[in-house]
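Heads up, the sequence shown is in full-length UniProt numbering, so the first residue is 1 and it goes up one at a time.
Some hints here could point you the wrong way.
Claimed, not checked - List time: in silico DMTMM-like cross-link candidates among lysine to aspartate or glutamate, alpha-carbon distance up to 25 Å:
| no. | residue 1 | residue 2 |
| --- | --- | --- |
| 1 | Lys9 | Asp56 |
| 2 | Lys9 | Glu24 |
| 3 | Lys12 | Glu83 |
| 4 | Lys12 | Glu41 |
| 5 | Lys12 | Asp76 |
| 6 | Lys12 | Glu55 |
| 7 | Lys64 | Asp76 |
| 8 | Lys64 | Glu83 |
What the hints assert, rightly or not - Restraint ranges, calculated between C-beta atoms of paired labels, are given here:
| no. | residue 1 | residue 2 | range |
| --- | --- | --- | --- |
| 9 | Asn3 | Phe102 | 32 to 42 Å |
| 10 | Asp16 | Arg69 | 16 to 26 Å |
| 11 | Asp56 | Gly82 | 27 to 37 Å |
Because the hints were derived from the structure by calculation, they are not lab data. Where a beta carbon is used, it is the ideal one built from N, C-alpha and C, also for glycine.
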Amino acid sequence: MLNNGELDKVFKALSDATRRAMVERLVRGPVSVSQLAEPFEMSLPAVHQHLAVLEDAGIVTSHKTGRVRTVQLATDALTGAGEWMGRQRLPAERRLDRLGAFLDPTQGPRS
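Work out the full structure: start from the sequences and follow the hints.
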């Protein structure tokens, strides 16, 4: 379970479309930084800045072998954020279910 500060870091990291695209690519497996940077029209230092935000949030990890830095998605990196979103969704779904039942004309009058 993530505490509020950690959860804030995860959501801040994922608030950027480039970082979300990087995470989507890393779901398929680890890659070098240069391979990860290929589809983006930005400098390598800019890619490193995005990766630093993702790494600080605990979403990715990296290791260097020689001159090649490889990045991968951290195990269970998004589990805490997903659990938090699930807890927020459940009460809203219950309210919508009650509203749907209330508005359903086939339910007949209620007492």
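(Q) Just to be careful, I want the Cα atoms of Lys64 and Glu83 compared with a cutoff of 25 Å; is the pair within it? (A) 32 Å, violated
Q.
Checking one constraint from the list: CA of Lys9 to CA of Glu24, max 25 Å. Satisfied?
A. The hint holds at about 18 Å.
Q.
Tell me if the beta carbons of Asp56 and Gly82 are separated by a distance inside 27 to 37 Å.
A. 19 Å Cβ-Cβ, so the 27 to 37 Å window is violated.
Q. Is Lys12 close enough to Glu83, meaning Cα to Cα at most 25 Å?
A. 17 Å, holds
Q.
Given the hinted pair Lys64 and Asp76, is their Cα-Cα distance within 25 Å?
A. 22 Å, holds
Q) Taking 32 to 42 Å as the hint, is the beta-carbon distance of Asn3 and Phe102 inside that range? A) Holds: the Cβ-Cβ distance is about 38 Å, inside 32 to 42 Å.
Q) Given the proposed pairing of Lys12 with Asp76, does the C-alpha separation stay at or below 25 Å? A) Since the Cα atoms of Lys12 and Asp76 sit roughly 17 Å apart, the hinted pair holds (cutoff 25 Å).
Q.
Would the hint linking Lys12 and Glu55 be met if the CA-CA limit is 25 Å?
A. The hint holds at about 12 Å.
Q) Going straight from one Cα to the other, do Lys9 and Asp56 come out at no more than 25 Å? A) Holds, because 8 Å separates the two Cα atoms, which is no more than 25 Å.
Q: With 16 to 26 Å as the target window, see if Asp16 and Arg69 comply at their CB atoms.
A: 20 Å, holds
Q) Is it true that the CA of Lys12 sits at most 25 Å from the CA of Glu41? A) 22 Å, holds
Violation of the numbered hints given earlier is confined to hints 8, 11; the remaining hints are satisfied by the structure.
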